[in-house]
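Chemist: Residue numbers (the numbering used here), protein chains in the order written: chain V, 1 to 181; chain R, 1001 to 1532; chain F, 2001 to 2375.
Just so you know, the hints here were simulated from the structure itself, not pulled from any lab data. Here the structure is a predicted model, which is why all the values come from computation and not from measurement. Ideal Cβ placement from N, Cα and C applies to all residues, glycine included. There's no promise every hint is true.
Sample of chain V residues facing chain R (criterion: CB under 10 Å; computed from the structure) [unchecked claim]: (1) 88; (2) 92; (3) 94; (4) 95; (5) 98; (6) 99; (7) 104; (8) 111; (9) 117; (10) 121; (11) 139; (12) 142; (13) 178.
No farther apart than 27 Å at their CA atoms in a straight line, the calculated lysine-lysine pairs in the DSS-like style are these [unchecked claim]: (14) R:1385 to V:131; (15) R:1317 to R:1211; (16) R:1211 to V:83; (17) V:83 to R:1129.
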Amino acid sequence: MGAVVIRTKVVQRPELNFWERLYFPEVFRGVWLTSTHFFKNLTLHAFHALGLFRRIAAAVTIQYPEQLWKLPSRSRTRHRLTKREDGSPRCVACMMCETVCPARCIYIVAEEHPDPHIEKRPRSFTIDLGKCVYCGFCVEACPEDAIRMDTKIIDTSAYSREGMVLDIKELLNPTGVPKTL
Amino acid sequence: MPTLKIDGKEITVEKGTTIIRAAEQLGVEIPHYCYHPGLSIAGNCRMCLVEVEKMPKPQIACHIQCLDGMVVHTQTKSVQKLREHILEFLLVNHPLDCPVCDQAGECRLQDYYMKHGLYDSRLNENKVKKSAKAVPIGPTIMLDSERCILCSRCVRFTDEISKTGEFGIFNRGDHSEIGIYPGRELDNKYSGNVADICPVGALTDRDFRFKCRVWYLAKTESICPGCARGCNITVEANLERPHHANGERIMRLKPRFNGEVNDWWMCDAGRYGYKFIDHDRLLEPLIRNQGTVQTTGWNDIVEEVIKSLKGVLKKSKDELAVLVSPEMTNEELYLAKKLFVKELGLERVLLLRTKADGDQDDLLIRSDKHPNRKGAEWIGFEESKRAIQEVIDQGLKGGLKGLILFGQDLAALYPGRNVEDLLQRLDVSVFVGSNHNLTSEHVQFILPAATYAEKNGTFTNFQGRVQRIREAIPPAGQSKAESEILTLFADHLKLDWSYENEEQIFDSLRRSVPQFQGMNYSKIGREGVPVE
Amino acid sequence: MILTIGIQAILAVIMISFVFSLAALHTWIERKQSALMQDRIGANRAWIRLPWWWARPINWLLQPFNVLGLFHPIADAIKMFMKEDYIPPASNKFLHTLAPCLSLFFALVGFAAIPFGNTIAIGGHVINLQVANINVALLYIFAMASMGVYGVVLGGFSSNNNYAVLGGLRASAQMLSYEIVIGLTIMGIVMIYGSLNLQELVRAQGSYLFGWIPLWGVLLQPVGFLLFLAAGIAETKRIPYDAPEGESEIVGYFVEYSGMKFGMFFFTDYLETIMIACLATTLFFGGWQVPYLAASGFLFPWGAALALPPLAVSLLQILSFILKVLFFCWLFMTIRWTLPRFRYDQLLRLGWHYMFPLALANLFITAVIVLWVLS
């Protein structure tokens, strides 16, 4: 066993030169940079108001909710429960998602299914979006492909905590799916 | 006394011991399905195959008896390969419905597949479908013969233990399946055990069905309070996810092995007798005053009770009776005696049953339905019908001024007597108990008590075996263990008791009651201590 | 007498409404300018739109305001007034309430001495466009600005909150340090023009170097001007000198304030900014002076002339003053959204080690020149 060698890397801190140390020139440089943006955007906005140069954007921001960003196809959005052909939920209340959920936001109550070959079905399936961390583990854990996070609903808001709770009806037929996508 | 080697470890065992038992003693786990220590040996699952040197073929460890000089290998390549193949056979017709199967999580097929299987399925044919899924074959058990691996444990149980013989294996070969003989029903007193011994999800408990997944359960070792047998049990509770089963906390009871008391079994009455813990509970101290019921705090109600008791005691000590019950733990009975007999000097501190006697058999069930009559006797409470009758007579005549009940439903115990009238005549009537009943509806003070699953303590079964109960769930609502309630009384009476937990109470109990001498909680441990 | 008082009252009302609306507009400017500087759009969601069909022309008129987000200051004000006015139970309630009032009051009264135009003659009355023509206006303004520290310190102390106290302490140390620099830089101007009366100072900046370069303070005192700017921003406690507030570390002396009391502190910040802008304009940029505009109209150095009525001249001068103030406001805002915050030790070192000696040197050299070269 040789001596432990701690490898070090000396990080060169950038040294300020005389002009930079004076501070004032750098202030002017900064102000110059921001001002160019200011005047460029101001001019563009003025032109836009007159109906000119609409193609050149004056802002990089998306004007949500009038404009919607095209979500990547794999993005995790609000949950939904998939259905069988007859419209009943595919979910068999196996509690895999409830078990794996790190936020403990899924509440399932199971009951007997009239068809003994399905056996089990959820009497209630509730997700508290106020607690959900959108990790997608529930989707990974589901053995029946019964829960998905592909509604593309990203704007979740409510006036109360109760309003953040989705019941099985809402999960089976999500309302508020954006139409423009 | 043969000496043999298992996986290189030497062990000497009794003559006639099987390899699987010897391995168990060594801590070597041999996977098995059909073998159950409490049942005869069937040897049909072939999962426990091991290699024994000088024997030409692999042998089933559950059946081969140990011989001197035997050398057994349980972990060789060929044994592992064998297990894999056996599992593959067992799983050929096993459906993939683990998600909806209640056994998932405590299923031997799952466990062994993860431990010894882990092969890729080679099955191209369709699985042989057995008869309908999910058939209730009795009031307690649901049968799904598709999941069955035909280990025949259930058949042997009903043949050998319950001796009712409802189960059988029907048809041949690929089509064989377990079932109930035509025209019969699995309704014996021990039917719940077949769900325990079923290594897969073929027999599941209808009571537990779909209530909760087994991995949510918190398990606490306890004692069944259903009869004088004191079967060792595990209380399995779901505390973290109250939305299942409407907020019920106790999900099921499972028997726990104790060779001296109950072996691996428990009766159905005990197994399903836990419902009272989460239903109809008295949740807060109540004071009833001319028909109106008022909730109050513990300190207030204890103050009130003591004030009323002192009023009665001023006149005469004969006019106050305390009825303790054989459902109370040793510690509580000891405290009751200490408080009422020693400190308050009462003469009428009597033992009264809470339940009528029931049936008895020669397996487990005892006719006395109380878990701690023996302990009560040792502490000095003998149940005397005459003394109780006297109290009731005196009460009906108006000669009784105060009555403290520990859980007894007088109205139900003495249906012929006008118990409501008796309670009305009293100056002070106190009910210390966990659940609503007819009597609790008429008493003046209700002190909610914890159930056996919510407190610590010891019971003494009919054999004189002292066994521990443990707090599996916190007391419901504001209820308190009787020991705590009695300590609270002592505090308000300015007695210097200073018991912080049940163990300290037991320590002073063992000093004053000779039968408990030399015992303590760590000695009692998991399986209890017998008193010779 | 009554007439004089009335005129002064009207002037005061004009000044206050100008300053208030500019301060309110500052919240809008702050949002919109930062947005433009950062390629964003900025707040534009507080819309007023009347639902009735007959209100369509009104809606049409309101539309540009809506789009520009000009109703946000109103929304802000409504929010501030509607919020719970929370006074921490452990605080000194009287001082806690007094502090923002002090802050706002002293920030406002300083404006009385700012001349926003030359004298104007209406109906025989000569009106000086200045709320209070004080001989020692500069001293007055600095006195008032110094009093502003009390609001901040009291706010910090009365909250009974460690962070607030820290903020208050930082604020007082910073304001005291930089006030000295401001005082010294202004002394240069005072020496050159020989007056403490702001109206006099502005008038004195009406002369021309070589006959065509307007002889504004900034030409005579370039170093003084830069120092004044730097120290002036420090007085407003805005970035890069916002260590007393430091939202990301201590939140500052107003951490325990909510609702309109917080709004008053907030407002004070803007008022101080405007104050510094007004002072910079008055002292270094010729106040209401318009280059080549004399009382009778434009007199260009190349000989051309444009006669204007006296009222138009006055209006031009007022406009000039407003534009210069707005320019400085814009400049301060740009700096605020460009530079990062100084660390507290850097801030004090900058003040005492660099700016204070520089200001002293500037004053000394100015004094030498004024004494020996000019006289």
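Chemist: It remains to establish, for every hint, whether it holds in the given structure.
Modeler: Hint check:
1. 88: 14 Å, violated
2. 92: Holds, because the Cβ-Cβ distance from residue 92 of chain V to chain R comes to roughly 5 Å (cut-off 10 Å).
3. 94: 3 Å, holds
4. 95: 5 Å, holds
5. 98: Because about 7 Å separates residue 98 of chain V from the closest Cβ in chain R, which is inside the 10 Å limit, the hint holds.
6. 99: Holds. Min distance 7 Å.
7. 104: 8 Å, holds
8. 111: With a closest approach of 7 Å, the residue 111 of chain V hint holds.
9. 117: 6 Å, holds
10. 121: Holds. Min distance 9 Å.
11. 139: This hint is violated: residue 139 of chain V lies away from chain R, its Cβ roughly 15 Å from the closest one there, beyond 10 Å.
12. 142: Holds, because the Cβ-Cβ distance from residue 142 of chain V to chain R comes to roughly 9 Å (cut-off 10 Å).
13. 178: Violated, about 31 Å.
14. R:1385 to V:131: Violated: residue 1385 of chain R and residue 131 of chain V sit about 60 Å apart, past 27 Å.
15. R:1317 to R:1211: 51 Å, violated
16. R:1211 to V:83: 23 Å, holds
17. V:83 to R:1129: With a Cα-Cα distance of about 26 Å, the restraint between residue 83 of chain V and residue 1129 of chain R holds, given a limit of 27 Å.
Of the hints listed earlier, those the structure fails to meet are numbers 1, 11, 13, 14 and 15, in rising order.
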